[in-house]
Amino acid sequence: MKKKLNCVLLVDDDDGTNFINRKIIEKAGIAEYIHTSLNGKEAIDYLSKVSKEGIYPQPDLILLDINMPVMDGWEFVEVYGNLKIGQKGKIIIVMLTTSLNPDDKKKADHYKEISDFEFKPLTLKKLEEIIKKHF
Amino acid sequence: MPLNNKDVRITLIVNQLTNYLKTDYSGQVPVSKKKDGIDKIIIGVNKLGKALVLKTVSEQQNKKCFNEIIEVLPKIMVADFSQKLTLTEKNNETNAIAVGLNTVEEEMENLIRRLKGSEEKIRVVLEAAQIAAWDWDIIHDTTWRSKIHDQLFGHDQNLPVWSHKIFMEHVIPEDRKQVQKLYDEALITGNLNFECRIKKKDDHTIHWIFTQGLGYKNEKGKTIRMFGITLDITKLKGSESETKLQSQKLTLINQELKQLVHVASHDLQEPLRTLVTFSELIKEEYWHKLDNQGRQYIDFISNSAIRMQGLVKDLMDYLIIGNEKTLSLVDCNKIVHEVLDDMQVLIKESKATFIFDHLPHLKAYAKELRLLFQNLISNALKFRKKDVTPIVKITAKKEGDAWLFSIEDNGIGIEEKDINKLFIIFKRLHNRSEYEGTGIGLAHCKKIVELHNGSIWVSSTIGVGSTFYFRIPKQINA
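Protein sequence lines, in the order shown, are assigned to chains W and H. All residue numbers for the first sequence refer to the working numbering, where the first residue is 66 and numbers rise by one. All residue numbers for the second sequence refer to the working numbering, where the first residue is 245 and numbers rise by one.
These are computed hints drawn from the structure, not numbers from a lab. Beta carbons are placed, not taken as given, at the ideal position from N, Cα and C, and that holds for glycine. You can take every hint at face value.
Looking from chain H toward chain W, a few residues come up when the C-beta cut is under 8 Å (computed):
1. 544
2. 548
3. 673
List time: in silico DMTMM-like cross-link candidates among lysine to aspartate or glutamate, alpha-carbon distance up to 25 Å:
4. 170/W <-> 662/H
5. 671/H <-> 174/W
6. 671/H <-> 79/W
7. 493/H <-> 168/W
8. 114/W <-> 678/H
Whole structure, please, built from the sequences with the hints as guidance.
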């Protein structure tokens, strides 16, 4: 039986990538709700926005791109680390990148906020492995 | 005080005193203009002669003293100051000579002590710097050399003799001909200066040495003696050849990289063009048969392919910058006017105002400089505030040996944290939907300015505007 997540946040500046990732997550049927942000800044804004009921979105899983305009993946993780506990919740961040640069993987290991590092494209199999490992 | 055994005055004094002993008081020793200790003795000797003629002093009384002087003088010549003259209580000429001689001895001793001190200093310095000094007697082919000289060639201690032949035996065969040629030339010019490889006697390793010498000629103009230094420059040579090798490698890598990107770009363009063409065909011929999702897919494909085409083209342009390097005299006013002409539509639409001083004429890479102005000016317009009429100010002023240009706008400005990202290739600070472009413009600018041996930077306040500065030297070394 598949575990249901409440919300998945996709952070990527490429509309096509967001579209595909959304499709895969929908196909896997693991999330109630999927939100898309085009860069780190938009994602932070989303995480910081409190609902009428006084609740922050607190997605369960963030799929994070590295190279984005305005605020890139690394900057996002820095800012995210300084968010209030209520805003952060228990979020699993998976860095999802096209980068072939091994330094990026090494750099990701340094951030305790980053739980995993995966290469694009996201596939159903990769997504299921992430879910199995972290939830 | 110069004293050497060639000083004829000493011989004259000795002769004169010998004559006195033979009761010949006729001669006079000529006084030189040096007015040194020896001259004082000469004056004394001459006075003594007169006194002996007038018999105010007795020859007998002075005989012992004469003999002593005759005995001591030659010793002084070889820097032996051990024997001092006995002074009498009599205040006569002989005694004056003895006082003079003793003074000369003391002066000489001091001088030699001082010389030895300086010599010691030079020796220590040379040894510390591992520099060997030598003095080559070319006629007899023998060489005096400092302590470490023979060690440079791999000998425990200095050999009993050192000759040109011995030196040449250490030089590796490949270098011998050239070194001999330089020696032959040096015998004529008096200047010796070369680097060569030698094989050390102890461990048979090859070392680089550097030698510099200066020749001394005799009155016939023949070089008979040469002084100089020799040092081991193997380490220097090592880093020199390493640097050379590194730079050769870099050039090669650079060439390969250029070639790779060039080929890759051409090969990439082909399938990209196919992607674009066929998605256009689908749009033309099948659009009506597709549902919304299908149409969205086609849009994704064609947009991505078009974006990729842009990226590849920009990458190519970036690599091409500076490929054809020809400096020419360019008029920056003309460049700016041309750039503004090209952007007429955008300028009209944005109602932008341009202010610029009289800009300089300078030697530069014309095509590239134009691209630089074009990028900076179009950025100033592109990142304008939506509700403010753009004003762009272009200035240039002399700053030492360089021109400092500035392009100032009243646009949206740049956040401080983003300033060091600006010049990175394909780095964009805004979402594509807000501001178009691949993010190569400022990387181009940086490359162009660096091609001109200059630098580029920006000062900006978010919400107020940005000023891009670039400084390029008036004289560019191509």
